[in-house]
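Visitor: Okay, here's what each chain looks like letter by letter:
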Amino acid sequence: MADEAPKVELLWWQGCPSWEGALAILREEMSAVGLDPASVEVREVRTDEDAGRQGFVGSPTIRISGRDVQPPDGEPAGLTCRVYRLRDGRISSLPDRADLRQTLANAIEGGGQ
Amino acid sequence: MAQATATKVGDPAPALELPDTEGDIHTLPTQGEAPATVVFWTCNHCPYALAWQERLAQVARDYGARGVRFLAVNSNDAERYPRDSLEAMRERVREEDWPFPYLHDSSQQVARDWAAQVTPHVYVLDGDLRVRYEGAPDADHMDPAQNAAWLREALDDLLSGGQVSRAETEPVGCSIKWK
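Those protein sequences? They're chains A and B, same order as listed.
At position 36 of the first sequence (counting the first as 1) the number is 35 in numbering that gives the first Met the number 0, and the numbers step up by one without a gap.
At position 26 of the second sequence (counting the first as 1) the number is 25 in numbering that gives the first Met the number 0, and the numbers step up by one without a gap.
Any given hint could be a false lead.
Below, simulated SDA-like cross-link-like pairs (lysine to any residue); rule was C-alpha separation at most 20 Å, straight line [unchecked claim]:
no.	chain 1	residue 1	chain 2	residue 2
1	B	LYS178	A	ALA76
2	B	LYS178	A	THR46
3	B	LYS178	B	SER84
4	B	LYS178	A	GLY14
5	B	LYS178	A	ASP47
Some, not all, of what chain A presents toward chain B, calculated at C-beta under 8 Å [said to hold, decoys possible]:
no.	residue
6	THR79
7	VAL82
8	ARG89
9	ILE90
10	SER92
These are calculated hints, taken from the structure and not from any lab test.
Here the structure is a predicted model, which means the values were calculated and not measured.
Backbone N, C-alpha and C fix where the C-beta goes; we use that ideal spot for every residue, glycine too.
Build the full structure now, drawing on both the sequences and the hints.
Guide: Written as structure tokens, this is what we have:
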């Protein structure tokens, strides 16, 4: 494992209820790869201006070493709910665990931030 | 945004008169015209609404032959959420298999009258237009095997002439985007 742990961020907006579930599976996956689950930075996005500044395209957004776990495909920034596509094709309000795990692993191999 | 008193089980359904994506006006059936009516809020951009869409459509296909009416309503502010514009709604209906009209509540008045909260938010009305079920389609938007079981149970109870055994569940989804 690299010396420097990757920066893990979860950005959320109160209009979508899935962020707590996303935080739970994110912490589980962090633990599974040896990261401290308490180290995740959780930030609420409250306004459209905040969303624009932070490039927030929907709740929840998870970034690991700055990389989105499912990079957005041209969606505009704004206060909305994030539509994730699971690896089996289903639409979900949560990212696929496998995408979380892969992004965490890539960040660890890459040496954190 | 101030809301009307929530429409709850046992209440008479508020009136509803809205255009669909082609401009045709739809209302609730008159009393006794249909044995049950399903009114649900949905939209184009919410993962919950999108994930539950096919399950709701299949319920409409399965129960439509028994006279059950279905109305889908989109009340989101299309100015801030362009994916919920009338044009985007029309495009979806033309590209997908929608077995119910997709109604545009541009003023949001109907959502306020019903005090709808999220997408999807499902109401089942009896033949006298009283609310007999209110809540989510089923327990998990991520599990297609749930098959809109709560909605189906409510319709089965109602169509068999009995009380709806599970009359209320918590609606889960994206908040309606108020102006």
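Visitor: Work down the list of hints and note, for each, if the structure agrees.
Guide: Checked hints:
For the hint linking B:LYS178 to A:ALA76, the alpha-carbon distance of about 18 Å falls within 20 Å, and the restraint holds. The straight-line distance between the Cα atoms of B:LYS178 and A:THR46 is roughly 14 Å, inside the 20 Å bound, and the hint therefore holds. Between B:LYS178 and B:SER84, the direct Cα distance comes to roughly 13 Å. Compliance with the 20 Å bound is thereby established for this hinted pair. The suggested pairing of B:LYS178 with A:GLY14 holds, with an alpha-carbon distance near 14 Å, which does not exceed 20 Å.
Note on B:LYS178 and A:ASP47: the hinted pairing holds, with a Cα-Cα distance of about 14 Å set against a maximum of 20 Å. Below 8 Å, beta-carbon pairs count as interface contacts, and A:THR79 has one with chain B at about 6 Å; its hint therefore holds. Annotation: A:VAL82 was flagged as interfacial toward chain B, and the flag holds, the nearest CB pair being 4 Å apart, inside 8 Å. Annotation: interface hint on A:ARG89 holds; nearest CB of chain B at approximately 7 Å, less than 8 Å.
Among the interface hints, the one on A:ILE90 holds; its C-beta lies about 5 Å from the nearest C-beta in chain B, closer than the 8 Å criterion. Below 8 Å, beta-carbon pairs count as interface contacts, and A:SER92 has one with chain B at about 4 Å; its hint therefore holds.
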